[in-house]
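*Asks:* The chain contents come next:
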Amino acid sequence: MSEPILRVAGLHGRIGGQQVVEDVSFEVPATGVTALLGRNGVGKTSTIKSILGLIDRTGEVHLGDTRIDRMPTHRIVQQGVGYVPEDREVFGSLTVAENLRLAERDAAPRREFIQRLFPDIHDRRAQRAGTLSGGQQQMVSLARALVNENRLLLVDEPTKGLAPRIVDEVADALAEAARTVPILLVEQNLHVIRKLAERVVVLSGGRVVFTGTASDLLDDEDRIQRFLGVHDAADPHDSTAGSAR
Amino acid sequence: MSTVVLLLITGLGLGALYFLVASGLSLIYGLMGVLNFAHGSFLTIAAFLGWEVGRRVSDGTWWGLALSAMVGLAVGAIVAAATEYLLIRRLYERHIEQALVTVGLALASVALFEGIWGTDPIYTRKPDWLAQTTEILGAKIPNDRFLLIACALIVLGGIVLFLRRTRYGLIIRAGVENRSMVTALGIDVRRSFTIVFAIGGAAAGLGGVLASVYYGYVSAHLGSVLLIFAFIVTVIGGLGSLTGAAIASVLVAVLQQFANFYLAGTGDFVVVVALAVVLLVRPRGLLGKVA
Numbered sequence: 001m002s003e004p005i006l007r008v009a010g011l012h013g014r015i016g017g018q019q020v021v022e023d024v025s026f027e028v029p030a031t032g033v034t035a036l037l038g039r040n041g042v043g044k045t046s047t048i049k050s051i052l053g054l055i056d057r058t059g060e061v062h063l064g065d066t067r068i069d070r071m072p073t074h075r076i077v078q079q080g081v082g083y084v085p086e087d088r089e090v091f092g093s094l095t096v097a098e099n100l101r102l103a104e105r106d107a108a109p110r111r112e113f114i115q116r117l118f119p120d121i122h123d124r125r126a127q128r129a130g131t132l133s134g135g136q137q138q139m140v141s142l143a144r145a146l147v148n149e150n151r152l153l154l155v156d157e158p159t160k161g162l163a164p165r166i167v168d169e170v171a172d173a174l175a176e177a178a179r180t181v182p183i184l185l186v187e188q189n190l191h192v193i194r195k196l197a198e199r200v201v202v203l204s205g206g207r208v209v210f211t212g213t214a215s216d217l218l219d220d221e222d223r224i225q226r227f228l229g230v231h232d233a234a235d236p237h238d239s240t241a242g243s244a245r
Numbered sequence: 246m247s248t249v250v251l252l253l254i255t256g257l258g259l260g261a262l263y264f265l266v267a268s269g270l271s272l273i274y275g276l277m278g279v280l281n282f283a284h285g286s287f288l289t290i291a292a293f294l295g296w297e298v299g300r301r302v303s304d305g306t307w308w309g310l311a312l313s314a315m316v317g318l319a320v321g322a323i324v325a326a327a328t329e330y331l332l333i334r335r336l337y338e339r340h341i342e343q344a345l346v347t348v349g350l351a352l353a354s355v356a357l358f359e360g361i362w363g364t365d366p367i368y369t370r371k372p373d374w375l376a377q378t379t380e381i382l383g384a385k386i387p388n389d390r391f392l393l394i395a396c397a398l399i400v401l402g403g404i405v406l407f408l409r410r411t412r413y414g415l416i417i418r419a420g421v422e423n424r425s426m427v428t429a430l431g432i433d434v435r436r437s438f439t440i441v442f443a444i445g446g447a448a449a450g451l452g453g454v455l456a457s458v459y460y461g462y463v464s465a466h467l468g469s470v471l472l473i474f475a476f477i478v479t480v481i482g483g484l485g486s487l488t489g490a491a492i493a494s495v496l497v498a499v500l501q502q503f504a505n506f507y508l509a510g511t512g513d514f515v516v517v518v519a520l521a522v523v524l525l526v527r528p529r530g531l532l533g534k535v536a
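As you go down the protein sequences, you meet chains A and B in turn.
Quick note: the first sequence uses our numbering, first residue 1, plus one each step.
Quick note: the second sequence uses our numbering, first residue 246, plus one each step.
Chain A on its own, in the form it takes in the complex:
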């Protein structure tokens, strides 16, 4: 395996004095998609936020050779980290174009790439982001992260609450993005994980309990049940099955 793009060692995270991430250590390879998995409330989103410095944290985080855990959030992102938050967090009062313009850091932002990847939101660039559907808002959120040349993408539950057709579109967009940038993906939908992820890191109780290849986990029904609390589903669009809860 090549040098990892992200190394997390002994990461602890706190929200309002409560420990939500506890001594988490893992690595993200410099290519492909690594899925961060676990049941609801085990600290997946908090781990992502800890890496970005959005919540109080201690421990070591390296992006390539650069130690980033002492940097403020905006500096970490400027090192080449794109972030797609849970619940999209688009700026509802701004237009789609303004949301994207705000995210542009590079001298030559990848506007044509975004236009090709998300033609629908390009057509809606003058529309306020708050008036878009959930799926369209997710596209804007993804586009904000992809408009720059990043070294790593942190993508948090991109398919949450989306219709099956949109889930496929989001997965396709992530697959396209993963060709050029490594992704750390928090995801509940096993169909999407199976489609995208090459490696998995499983959290439980704020700690890492399993790391390995995606097939190590997904081909083992017992592990899926034990770590994620679900049975794998035959129908990828069945919203009640195949999701980690």
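Hints should not be assumed to be uniformly reliable.
Claimed, not checked - Chain B is faced by these chain A residues, among others (derived, beta-carbon under 10 Å):
(1) L52
(2) H74
(3) I76
(4) P85
(5) S93
(6) N99
(7) D220
(8) I224
Just so you know, these hints were derived from the structure itself, not from any lab.
Note that beta-carbon positions come from the ideal geometry of N, C-alpha and C, so glycine has one too.
Go by the hints and put chain B onto chain A.
*Replies:* Only chain B this time, still in chain A's reference frame:
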């Protein structure tokens, strides 16, 4: 009819004054969550220094007033930016400490102003035209009200243009909505904090000079008095909403004028009742975001 017209236009003039103070308060709270009790001090120091420069150069003339306004704008912006940089920046997310520091600064600055310029109001001169009236639909409107309204409209237009046409404006609008997401896009949002303080301070500084024209005097308590109504306007308009502040400024001032005239001088009381009603019925204000 003429009374109603007089009250309406006078209310608009007073509302313009409230807006000049409230616009900065609202932007500062919206972006940073800072309740800036020292905002009135920016107004007062700008009013005093504007008056000092204006009277020395050309007292009671348009040139002197224009110079006062420019000094007021500059002093308000500089003092506000310095306050943010030296005091507030160290206390972000520490709301109790922020309130204590800004309240302390407000109290200390009033004492300082009293020490320099005395405790009594100092009466000012203004250009002759501003002391005259213009008849509209039978009502004799003091001309200074037109100046106040025009200046507030220019400031409103300028701030709107800044917010809509510049990158910092974009950052501020996004920051008012979701500050942490702005930082997660790689933007150092703290830089825009100083700019917002400077803009708010400049508007308050201009408001200070115009308040001395409206009231006919400058005093160490000029900012404190206007700050109370500016806070009411900011809450009624919706914390963080510039348009809300503009609408609420006019509503509050016009209501105050009518209540003063028709309800035996109860304008201040009626405004406080209006504030209570808004807090009970629509706590986020007219155009504020949902908490």
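*Asks:* Hint by hint, say whether it matches the structure.
*Replies:* Status of each hint after checking the structure:
Using the Cβ-Cβ criterion of 10 Å, the hint placing L52 of chain A at the interface with chain B is satisfied: the shortest such distance is roughly 6 Å. About 5 Å separates the beta-carbon of H74 of chain A from the nearest beta-carbon of chain B, less than 10 Å, and the hint is met. Hint on I76 of chain A holds. Least Cβ distance to chain B is approximately 8 Å, under the 10 Å limit. At about 7 Å, the closest approach between the beta carbon of P85 of chain A and any beta carbon in chain B falls short of 10 Å, and the interface hint on this residue holds.
Of the supplied interface hints, the one on S93 of chain A holds, with its beta-carbon coming within about 6 Å of a beta-carbon of chain B, less than 10 Å. Given the 10 Å rule on beta carbons, the hint for N99 of chain A holds: about 8 Å separates it from the nearest Cβ of chain B. Hint status for D220 of chain A: violated, given a least beta-carbon distance of 35 Å to chain B, over 10 Å. Annotation: I224 of chain A was flagged as interfacial toward chain B, and the flag is violated, the nearest CB pair being 31 Å apart, outside 10 Å.
Checked against the numbered hints above, the structure violates hints 7, 8; every other hint is satisfied.
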